[in-house]
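Visitor: These are the residues of each chain, in order.
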Amino acid sequence: MATSPENISPRSENPNNANEAVSSMSVPMSIENRTSFNEMSPGGKGIASRIYEGLYKIPGISQIVGKMEIAYNQYWADKHEKKAAELKGEMDADNMRVGVLDQSKAEIESFIESLKQQNMPGTESLQIKLKEIERQKMEILNKKDESQSKFEAKDSKVKLYTNKRDAIADRLIGHYDEKIHPMEKELERLQTCKDRLELETAVMNARHDELSNKMQEAEQRKAKLEEIYRTIGYSDKEIKKDGTISMLAGQLVQGRERIRMDKEILAGRRDEINKKIAKVDAKANPYRDKREKFARVKEGRPLNMEVATRERGTVFEGDETINVRTREWKGGASVEASAEEGFEKRPNVKVLIFGWNEYLKKKFGKATKSLVDQADFLKVTKLRENSDMSQENFKKILKAYYKFKKVSINDFKGATDAFFEEIKNKPSQPEEQLKGEDNEEERLDQEVARRQAAKEAANSASQPEEQLKGEDNEEERLDQEMARRQAEKEADVTAQQPEEQVKVEDNDEESYDQYVASQEGKKTA
Amino acid sequence: METNQTVPNDQVAQDLDRQINDLVDEAKKINQEIDAVGEKAKKEMDVIESEVDESIMKVEKIYSDLDQIEKEAGDEFDKLMLEESEDLAGE
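Chain order of the listed sequences is A and B.
Following the numbering used here, the numbering of the first sequence begins with 1 at its first residue and continues without gaps.
Following the numbering used here, the numbering of the second sequence begins with 1001 at its first residue and continues without gaps.
Quick caveat, the hints were computed from the structure, so don't treat them as lab data.
Treat the hints loosely; a few may be bogus.
Mimicking BS3-like on lysine-lysine, the simulated pairs with C-alpha atoms at most 27 Å apart in a straight line are [what the hints assert, rightly or not]:
(1) B:Lys1061 x A:Lys240
(2) A:Lys185 x A:Lys82
(3) A:Lys379 x B:Lys1029
(4) B:Lys1061 x A:Lys283
Pair by pair, the computed Cβ-Cβ distance ranges are [as the list claims (entries may be wrong)]:
(5) A:Lys237 x B:Asp1053: 50 to 58 Å
(6) B:Glu1033 x A:Glu184: 52 to 60 Å
(7) A:Lys241 x B:Asp1053: 19 to 27 Å
(8) B:Lys1043 x A:Ala223: 32 to 40 Å
(9) A:Lys241 x B:Met1057: 55 to 63 Å
(10) B:Glu1060 x A:Lys406: 43 to 51 Å
(11) A:Val407 x B:Asp1053: 26 to 34 Å
(12) A:Asp166 x B:Ser1064: 24 to 32 Å
On a predicted model such as this, the values are computed, not experimentally measured, just so you know.
Glycine included, C-beta positions come from ideal geometry on N, C-alpha and C.
All chains, full assembly: derive it from the sequences and hints.
Guide: Given below as structure tokens:
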């Protein structure tokens, strides 16, 4: 900061330029002070303009620091010292003169005494001389007293200016401190809002992903049902024109679109809120800097302009890039997840929290403060404990949750990655549950086979259809189940053996039962 | 879906129709859920934004106060320096 009077240009040495110097300053000065300046003597204006010269180049935001630096500049001390030295010199000279006079006076007195002892005349003229010396001494002492008074007044003034300057600085720092504390508190609150925003976003993204998966599942089921329609003879045109299927397609499109729009809106709002926070936080740094500079200037320590960036300042540094992940929907097939992903049984939140806590206990002991309180987690995130969730989403939410709860994840840095890596290949559902599902599938397969055999037998025996209808509703239910299971199996076979993709002939005469039987035969083979 | 299929195919078609209808209901439920999630997210955002705006307002007020404090201190420093300059010039 170039406020040192040593850097002053010759122009400002001329008091005539003083007015111009101050009036052309970009330094804001109150009307009162400008008026005072205009009323000052040319000498005073000259000094002031020299003093303010450096302030031209200081940006407005730091001018208070500049003014404070000027107020605490050595220039004033030097000026006062110079004046004080002059006075001191005068006083010393007076002292010397008084000393000389005292010496002369003593010599004369001694001479008078000597004359008196010798009874010699002429002492009167010496007495007159003594009186003259005394008068001169009195004059010098009076002059010295004046200088002394001036010196003392000067000293008092210096102290007065110092006190005034310190009082202004102290008041400034005191008021600053009074404001800085609540400012930091509010900024901390904004940081918490930001953390909450991140957590909400992570939770919403997870919810959207969950719903997207449901959509995907529905789309795949729709595709399978359409395929079955085709197998029993419906053309693509007929399927497309069907009111219910159109409605279903519309619902699915609407859902996808709504998720996409919601994600965009949320990302946009998050971006907007983050920008607001970043903007207001960025404005805080100059005030924090100034507060530190005030203290340093007052202490008279050299200013280090290369202030290391504080951690606080980096919190809102820049805007985080918000990537809105939009999805393209092509005729019912999700481009984001594979079919395997779509039907993958994902763990629920409760299972993930439990697993994570167990992992932490195993790694860091039961006393670790990082254990997740399930009730609090669910309360904060507003997630349901049975919500399905991908590990990736849970990881994001967990990190945002810890940040929101002000729990440093440095303590278990890397543990999250390790945990998710560990569970990556593990079955996400309890084994028993999976086994249970297998058994159910087996049972249904057997039932399908049994029903198929019964139907074939009935057909071969040319039994009337009424006979088949004689079976109760259970048959209908099983038929439906058969169709569903068959559709799923077909999809599996198609996916696993593309080369054996079933070529369904557009033959209206081919019955569903025959189709089922042929598929069964292929699968068995 | 109207068709000229044989009876078994009709049965299958009916069955499929029913499944499609179930799927439509399911899709509607998912859409309702999407609406609910969207609505909830909007409300949460509104709450957060409102708190953020409130805090920003308070912080901006503090900045304004600090600016005023600086201005007053700056004026006082100016006054002091002008006084001192005049004082020095007069000695």
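Visitor: Work down the list of hints and note, for each, if the structure agrees.
Guide: Quick rundown of the hints versus the structure:
With a C-alpha separation of about 62 Å, the suggested pairing of B:Lys1061 with A:Lys240 is violated against the 27 Å cut-off. Annotation: proposed proximity of A:Lys185 to A:Lys82 is violated, straight-line Cα distance about 49 Å (limit 27 Å). Note on A:Lys379 and B:Lys1029: the hinted pairing holds, with a Cα-Cα distance of about 24 Å set against a maximum of 27 Å. Distance restraint check for B:Lys1061 and A:Lys283: the Cα-Cα separation of roughly 12 Å lies within the 27 Å cut-off, and the hinted pair is therefore satisfied.
A beta carbon spacing of about 55 Å between A:Lys237 and B:Asp1053 agrees with the range 50 to 58 Å that was offered as a hint. In this structure the supplied range 52 to 60 Å is violated for B:Glu1033 paired with A:Glu184, their Cβ-Cβ distance being about 42 Å. Between A:Lys241 and B:Asp1053 the beta carbons are some 52 Å apart, a value that contradicts the proposed interval 19 to 27 Å. For the pair B:Lys1043 and A:Ala223, the supplied restraint of 32 to 40 Å holds, since their beta-carbon distance comes to about 35 Å.
The hinted window of 55 to 63 Å between A:Lys241 and B:Met1057 holds, with their beta carbons roughly 58 Å apart. Taking the beta carbon of each, B:Glu1060 and A:Lys406 are about 25 Å apart, not inside 43 to 51 Å as hinted. At roughly 27 Å, the beta carbons of A:Val407 and B:Asp1053 sit within the given window of 26 to 34 Å. Distance hint for A:Asp166 and B:Ser1064: a CB-CB separation of about 26 Å, consistent with the stated range 24 to 32 Å.
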